[in-house]
Every structure is written in C-alpha cells, then in structure tokens.
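Engineer: If you're matching them up, the sequences are chains A and B in order.
Residue 1 is where the first sequence starts when you use the numbering used here, and the numbers rise one by one after that.
Residue 1001 is where the second sequence starts when you use the numbering used here, and the numbers rise one by one after that.
It should be emphasised that the hints constitute simulated quantities derived from the structure, not laboratory data.
Backbone N, C-alpha and C define an ideal beta-carbon position, used for all residues, glycine too.
Please note that a few of the clues may not be correct.
What the hints assert, rightly or not - Calculated pairs, EDC-like style, for lysine to aspartate or glutamate (alpha carbon to alpha carbon, straight line, at most 16 Å): (1) B:1027 to B:1195; (2) A:73 to B:1346; (3) A:37 to B:1047; (4) A:208 to B:1074; (5) B:1233 to B:1265; (6) B:1058 to A:140; (7) B:1378 to B:1346; (8) B:1208 to A:74; (9) B:1171 to B:1061; (10) A:169 to A:140; (11) B:1170 to B:1140; (12) B:1073 to A:198; (13) A:37 to B:1045; (14) B:1035 to A:45; (15) A:208 to B:1045; (16) B:1037 to A:201; (17) A:73 to B:1100; (18) B:1058 to A:51; (19) B:1214 to A:155; (20) A:58 to B:1051; (21) A:389 to B:1161; (22) A:389 to B:1162; (23) B:1037 to A:155; (24) B:1208 to A:45; (25) B:1389 to A:140; (26) B:1037 to A:140; (27) B:1073 to A:140; (28) A:35 to B:1198; (29) A:37 to B:1161; (30) A:344 to B:1028; (31) A:73 to B:1051; (32) B:1389 to A:155; (33) B:1344 to A:74; (34) B:1073 to A:161; (35) B:1344 to A:51; (36) A:58 to B:1412.
Stated by the list, open to error - To give an idea of the chain A side of the interface with chain B (calculated C-beta under 7 Å), a few residues: (37) 190; (38) 287; (39) 290; (40) 392.
There are 2 protein chains.
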Amino acid sequence: MLAEIITIGDEILIGQIVDTNSAWMAKELNAAGIKVKQITSVSDDADHITEALSQAEKRAEIILITGGLGPTKDDITKYTLAKYFNMGMRRDAAVLAHVEEIFKRFNRPMIESNRKQADVPDGCTVIQNANGTAPCMWFDHNGTIIVSMPGVPFEMMYLMEDEIIPRLKKKFELPFIYHKTILTANIGESFLAQEIEEIEDSLPSSIKLAYLPKLGQVRLRLSTSGTDEAQLKADVEVYAQQIIKKVKPYIVAEEDIAIEKAILDIMKEKGFTLSTSESCTGGYIAHLITQHPGCSAVFAGGAVAYSYELKELVGVTDETLAKYGAVSEQTVKEMALGAITNFKTDYSVAVSGIAGPDGGTPDKPVGTVWIAVANKHKVVAKLFTFGNKRAQNIERSAIAALTMILNLLKEDSN
Amino acid sequence: MLAEIITIGDEILIGQIVDTNSAWMAKELNAAGIKVKQITSVSDDADHITEALSQAEKRAEIILITGGLGPTKDDITKYTLAKYFNMGMRRDAAVLAHVEEIFKRFNRPMIESNRKQADVPDGCTVIQNANGTAPCMWFDHNGTIIVSMPGVPFEMMYLMEDEIIPRLKKKFELPFIYHKTILTANIGESFLAQEIEEIEDSLPSSIKLAYLPKLGQVRLRLSTSGTDEAQLKADVEVYAQQIIKKVKPYIVAEEDIAIEKAILDIMKEKGFTLSTSESCTGGYIAHLITQHPGCSAVFAGGAVAYSYELKELVGVTDETLAKYGAVSEQTVKEMALGAITNFKTDYSVAVSGIAGPDGGTPDKPVGTVWIAVANKHKVVAKLFTFGNKRAQNIERSAIAALTMILNLLKEDSN
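Kindly generate the complete structure, drawing on both the sequences and the hints.
Structural biologist: Structure representation (structure tokens):
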C-alpha cells in the first residue's frame, strides 16, 4: 500500500519554514503498514496543486495533503480540491457550530472569514478538527483516498492519530512494515560497512540495510515488510544480532533512539543522576535531554553559564578564568566538577567553546570547544576543533559531549 | 528562473529524518533570485529518481539534488544520473587525491569503497567537496542545470554558498526576489486580516501577501520580484509601512526574525541583560536565545532547575515548594526573582510546568504551566493550560515566555 504526502504552502518553497509535518506523517504511516512513495511540496497555486495531485494519483492509493486551509485569501486548497473533484461548496452546520463554540470559548467576535472555515466541497466526508477551526476533508476518488488536513502541526497530529490512521486501517488491509535500527558511535560509515560486509552480503533480498551517518554516529537500519509480523521481526533479528555481535564496542543502542535517550536509559537502570554545565551550547544539551519523557529520574538540571559571573557561580574560580580563559581545559574541568558538587549528581558534562561567528582569536579560532565529563572519581577533558558555523558548532559540541558521557559510562561499567 | 529540489533517501520517506536541507537551499536560491517551484523527496530507487528528475526537467531550468552519494551500497544517485544522461563512469584523479588526503589527515586506512567516492559520470563537471569525501557533480543537460550534492547538511551548505550559487549567478541572468516580513504577536490571523483588509485589497497584483501563523504569532510576508531592486523594495515598503501603522500594538519586528532575536535587539539597544530559570522547558529558552550570534551582550545565562535541589539553588524556598508545589505562581515568581538576584541581570524569565506525558494530577493536569517575567521593580506571573504533548508544551511554553518578556519590555518603555 503506497501513500504520498503533498504539503502546500509558499512558506515551504521560499524556505521560511522547515516541513516537519512530512517526517512525522511518514513515521505514522509506516507504523500502520503504509509506505510513503514520495513527498511533494508545492506552492499555494491551484494549477500546481492540481498537477501534483493528479501525478500522485498515478503512483499511490492514499494521498495526504496538508496546508492552505487557513481563513485568509492565500489559502486556496479546499476550493482547488472542489474544482479538481467537480464538486460545489457547502457550509457544514456541524463545523460552523464547532467554530462558533471556539470563538465563544475565547470570548471573541466572529467575522465572515471565520465562518468560511465551515465551507467544504459537497462530496467529501468532513472530519471535525478538535484543535482548530479548519476541518479535515476525506475524499474517496474511485478508490483512491485523498485527505486534506490543516498544516498546523499539532492540529494535523491529532487528526492523524485519532481519525486518519484508524480510518485507513479500517478501509485497507495493510501489511506490516518492520524497521530495526542500531545506533553506533565512534566508527566511520565506510569502516562499519567493511566490518559487517559479510553479513550485509548474506542478507536475503527481502531485507534492506541502510547506513545513516550523522555527526560521528551511524544508524544502521534493517527494513522488511510482509504479513507475518512475528516472522518478519524474527528474520530481521537474526541479522541484527550478527551485526551487534560483530561491532559490539561501537553499539550505542539496539533501537532507533537518540544518543541522549540511550544515556538516560543506562543511567536510569543504574540509578545514576546527571547534570550539565553549558557555555557555548547554551542549554542545548539540557534541551536534548529534557525532550524525553521521564528524564527527571536521571536529570537534575544544570546551568547555562554564559557570563563570567555565572561561570563563577557554577564553580569556576576567578584565578582560572583570569589565567586560562573561559575556553580552556581548566575552566571546563572546574565547570564539570562544580556541577557534581553544586548540583549533587553522579555524573556531569561541561562545555565551553567559541561557537562564532565572532569571538575567535588566532590561538582559539571559532570552533574551538573544550568538553569535560566527570563523575565523583574522575574528570576527563577533550579539545575539539569544529568549523565556523554557529549552529553546527552547537550541534556538534552537544553530540560530542553526549558521546563522551556514554564512553565514560561504558568505561565505568567495565 | 525556476528551480526544483530533489532530496533522495529512504530515511526521509520513512520519517527517520526531517529534511532540513530543502528549506535552507530554498532560502539561498530565493536570495539569489531563483524561485523554487517544487520540492520532491524520493527513495533510493533508480526508477523513481529518474522519474522525478525527468518531471522536474519539464518544469524547471535548475534542479538541485541532494543525497545518495555515500560510500555504501544503498547510495546509487551518481550511477543513476550517469545512466540518465547516458554517461559512463570514470575515476577522478583530483577527487581521489582529496579523499586520500582526508584519510591521511585522520590517519585512517583507506578501503575500496572510499576510493569509489572518486568515481563520477564522465560528462559532468566535478566540484570538489572541501568538507567531505563525496564530490559535487554539475550537469548541463541542453541548458538545464542539474547539480548533485551530498545530503550531509554542512557539506551541502558549503558547496551551495561557495560553489553552486556563484556558478548559477554567472550562468543565468537572475531577477531580484524581495520578501518583506512583519512579525506580529498577541493577535489572531483572521483578526489581523480584518484589520488590514483595505490595505490587502489595494495591493497591486505584483505584490503577494501571505499570513504565516505559529503559536500565537503571525508572520505577514509581502513578496515581489523583478529587475529593479531599489524600486521593488520601495514599492513593497509603502504597503509594509501602511500595515505596520495600522496594527502597531501587535508589531514585534519589521523583519523575518524570531521573537527571541527581536528581544535581544531591543535589550542590546537599551543595554539590558537577561537570564533564564527553566524547569519544564529544560533549557529550550536558553537554547533559542543562544542560537543567535552576539547574544552574549544581553544573555548572562541561567539555570535548568529540574530537581527540587536545583530550584532551591536558584532561589526558591523550601517552604514555597512544600506549601505550593513546584508548579505554582509562588515558585515561578521566586525562580524569576532569584534569577534577577543571583545571575545579576535586569530582566529574567522563569517557567515551571508539567510537560508530560506523566506528572499530571487532577488539580494540575499535564499542560499546566506557570510563567513569570521579572525586572528589578516587578514580577508578573501567568498561568497557561496547554495540551498533552510534551514537545508542544515545551515549544508553546517557550514562545509564551518570550512573548511575556517582550510585553514587559514594551510596557517598561511606555
């Protein structure tokens, strides 16, 4: 069963927003046994929407469309769909009541453009949007299902989870798609490939292996699909376990999780706690960690020590800052040890560097980053030299810091 | 001049990664006067890549492709392109030398799959990739330019900035595309539309207005294109200023910046400093702020006070925590005032809430968030009730907190 996603909006094509909806929808569809053949982003232009839809209909049986359902004049999706399917427009009483109820709840007056939110093509099934005013529209076009949803992420997410996926499961007999992901660190993609070449060559054609490298980590993904869920999992697991055994020292997790989640899982199991002391990463490591539900069992918190004053508050001495500077082995070690002491945790990580674009010197150019990890018995610091792009320096510093925590944890348990 | 972007990779279509490359590329292309007609994501499948490319060639004169250039077996882009253009493959000596140099620098042995990175279709122009082993390939297909780049974001970014955009500017006579964005807050999309309806109706057909709502903010974007840069800007500015005058109280910024950047700009100008004290947002507000170059002139840092212990460290009393709990008006106010005192800043913001999915109670369900902003003279707290999704609660809390800082700043300057 193939699906396509069409996201509509000029803001995507001029790069004003990143289309995060598609990845989320693709994941949900996959979990339901539906493969995504293509994702297409087009502008708020009737002809272009029509062309994309008609081509998608040639390739897929399910087409999910997001965007262009707002109350303003640039939102043309539903009118374009009505024309495409040769339908008129009608005002839906239930949607109108829902919109009126929302405006009443927030004590706001309604204007005609809000009422127009209740206008829908007259041949579609209307699905109420519990979290917004734009309804979802479901079309059955000679057996092909076309669904139009708002582009606001959380409105789309609720609709997908509560309405669209259940309805698709009812409408189609869906196969089972299985992905097994293995997260590795500290080994390059081509070396990993060389290590597991024999296993890769022995894979049956029904199982596909992919390498997804990112910032010093490589995700290995084994994929298959079919009808017998237990059998598919068992088949993949045979090869997954061969790979895991072959490259054991580099394995971070045997599932598709982020490195910080792997750290949280290990620390939770062992009853360890963690704190952070961040300068150039500016709270990004704490943010990565606190994205994960249940992190509070491990993560106590930390400091974003941007100013000298705050660095002193978290345990760096005046003398160290004066003698070695904020970006130095000494400072970052004192930050890490200060976190252990002040925040009362078993482990800590500290980062101090020059993220750029300004602040570099000949001695310490932009991209110079010191990272330290500590537990109650030791502190280890490492110097990194990244590039000259701020966002990448923050990202790479965070991943390097997390990898260092993981390595210290592994060392401690050996 | 129309371009299309094709991103290749199964990881996009199963939702394992979010395609952030396309938005970045679209922005760069726009700035160079090139409109993006469509963005298409396809799998690592030769037939599908070929189909997408051949359709893109019907619509656009420039096609930028990313992905599928790695050293492993699932990477087939360059072989598919060679077949599509009826070319053979050759090993490029300069690329091979570059790859060898990289391996030498990192003191790593080379294997055959690394050498294959130097294989390219024999009719393309090879552009060296200074930041990786996969070269960039430039094809001129009867006047249509097709460029294949690696999907690793920072490799692609350097190639676009240093090589592709300059070459496209040289090859084509490009028009000028101008977008003017106005950021508003505290007003809904439809009300904003009603307020500026007369101005919108008076726009010439050459200027397009779009509304981009997100979490309590609405971006207004006026777009136009042509050859006379100064004239285009002047034309748009007339209408932009009319809009700004009409909805003055809601204006956050007269350019396409994030709300935290608008705050940094105002505070920098006034010589104010800022600190954060975050519980449920877990460092996300600090991260948003520290993304921006030069933020250290304003931002001193802050605390991620996840544990009770850390909350006490940042100024919340034992009694308050015991009597009112961590998610309460009293706690969040003490966090904000503690930040002012301990971190020695003019302004502070504090957030404490239940991000979920666990931790909710009948009294304080998941999504309950208290936010306080303070300066040296006052502290204001507000209760929010968001939804039950952790990521959205973090995002919405952060934006609400930033909006509260901005409102307090505006109040103070009146």
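Engineer: Work down the list of hints and note, for each, if the structure agrees.
Structural biologist: Hints, verified against the model:
no.	hint	result
1	B:1027 to B:1195	violated, 29 Å
2	A:73 to B:1346	violated, 43 Å
3	A:37 to B:1047	holds, 12 Å
4	A:208 to B:1074	holds, 9 Å
5	B:1233 to B:1265	violated, 23 Å
6	B:1058 to A:140	violated, 30 Å
7	B:1378 to B:1346	holds, 11 Å
8	B:1208 to A:74	holds, 9 Å
9	B:1171 to B:1061	holds, 11 Å
10	A:169 to A:140	holds, 15 Å
11	B:1170 to B:1140	holds, 14 Å
12	B:1073 to A:198	holds, 13 Å
13	A:37 to B:1045	holds, 10 Å
14	B:1035 to A:45	holds, 14 Å
15	A:208 to B:1045	holds, 12 Å
16	B:1037 to A:201	violated, 40 Å
17	A:73 to B:1100	violated, 56 Å
18	B:1058 to A:51	holds, 12 Å
19	B:1214 to A:155	holds, 12 Å
20	A:58 to B:1051	holds, 12 Å
21	A:389 to B:1161	holds, 12 Å
22	A:389 to B:1162	holds, 14 Å
23	B:1037 to A:155	violated, 26 Å
24	B:1208 to A:45	holds, 12 Å
25	B:1389 to A:140	violated, 31 Å
26	B:1037 to A:140	violated, 28 Å
27	B:1073 to A:140	violated, 39 Å
28	A:35 to B:1198	violated, 46 Å
29	A:37 to B:1161	violated, 31 Å
30	A:344 to B:1028	violated, 47 Å
31	A:73 to B:1051	violated, 34 Å
32	B:1389 to A:155	holds, 12 Å
33	B:1344 to A:74	violated, 47 Å
34	B:1073 to A:161	violated, 35 Å
35	B:1344 to A:51	violated, 59 Å
36	A:58 to B:1412	violated, 59 Å
37	190	holds, 5 Å
38	287	holds, 4 Å
39	290	holds, 3 Å
40	392	holds, 5 Å
Violated hints, listed in ascending order, are 1, 2, 5, 6, 16, 17, 23, 25, 26, 27, 28, 29, 30, 31, 33, 34, 35 and 36; each of the other numbered hints is respected by the structure.
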